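J.: In case you want the letters, here they are:
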Amino acid sequence: MAAVTRTEWQALASLLALVAIFAWFQMRMMDGWTIVDQPAAKLFGIYIVVIAFSAFAEILIASLGAAIDGKRVVKDERDLAIDARANQNERIFIIVAVNVLIWQALMEEVFAGHALPKIDLTSLPELFFFLFAILFGGEIVKRLSTLWLYRLQSALSDA
Amino acid sequence: MTGSRGKGRVVNDIRVLRSARGLTQQALADAAGATRQTIIAVEAGKYAPSLELAFRIAKVLEAPFEQVFAFRGE
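Protein chains in written order, with the working numbering: chain A, 1 to 159; chain W, 1 to 74.
The hints are simulated quantities; they were obtained by calculation from the structure and are not laboratory data.
Warning: the hint list may mix true and false statements.
Said to hold, decoys possible - Heads up, simulated BS3-like pairs for lysine-lysine below, C-alpha to C-alpha not over 27 Å straight-line:
#: 1; chain 1: W; residue 1: Lys46; chain 2: W; residue 2: Lys7
#: 2; chain 1: A; residue 1: Lys118; chain 2: W; residue 2: Lys7
#: 3; chain 1: W; residue 1: Lys46; chain 2: W; residue 2: Lys59
#: 4; chain 1: W; residue 1: Lys46; chain 2: A; residue 2: Lys75
This one's a predicted model, so the numbers in the text were calculated from it and none came from an experiment.
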């Protein structure tokens with residue numbers, strides 16, 4: 001198995017930070033499997049904290065990496081190609097997830113008495129939670145794709 | 001993105017030419033404007049470089065393009 005590179009460590013650290021922030025977000029939004037009803041002002045507060053944590057985590061990870069080996073991560077064409085593929089996977093995930101939400105909303109009108117889990121998009125906390133969860137999901141897919149693509153191309157070298 | 005896409009693949013003799021010139025992967029990467037990881041992936045046939053990078057690698061190795069890279073069809 002090839003050695004893990006700085007770029008991969010950075011992607012992994014970013015993924016772990018993202019999962020941790022999402023876990024915090026979920027704890028603020030859910031009680032068991034139920035989304036807690038909260039006023040808009042409180043939701044806005046959660047929104048600001050999540051954005052601030054995410055930005056801080058990314059800056060911290062990049063700065064720590066640079067402090068450890070004294071170099072910035074330099075990206076070349078292969079890194080950019082991997083970024084592009086990961087962004088594409090993120091976009092596909094978001095499109096699929098939003099379409100699922102649309103179908104869910106439409107199906108609830110058509111089959112009102114179904115036994116599947118219900119999503120009430122007219123409720124602000126639920127709408128807020130699912131939209132944010134989709135964004136988080138997209139970012140997680142992007143980072144997993146990045147790590148997977150790097151691993152796919154990695155090779156041992158004796159140079 | 002990888003060395004093989006559809007039918008056929010790009011193969012190369014970078015490792016042999018590089019060793020013959022006493023270049024490390026890092027030295028080749030620096031001279032060609034790529035990262036060492038990219039050179040590793042290209043040498044292993046896991047990444048097909050852009051035409052521009054391929055030409056830069058050939059130039060650093062002081063070898064004709066067709067001696068460095070070849071397309072092997074099925």
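J.: Hints first: check each against the structure and report whether it holds.
T.: Hints, one by one, checked against the model:
no.: 1; hint: W/Lys46 with W/Lys7; verdict: 15 Å, holds
no.: 2; hint: A/Lys118 with W/Lys7; verdict: 47 Å, violated
no.: 3; hint: W/Lys46 with W/Lys59; verdict: 21 Å, holds
no.: 4; hint: W/Lys46 with A/Lys75; verdict: 18 Å, holds
Violated hints amount to a single one, hint 2; each of the other numbered hints is respected by the structure.
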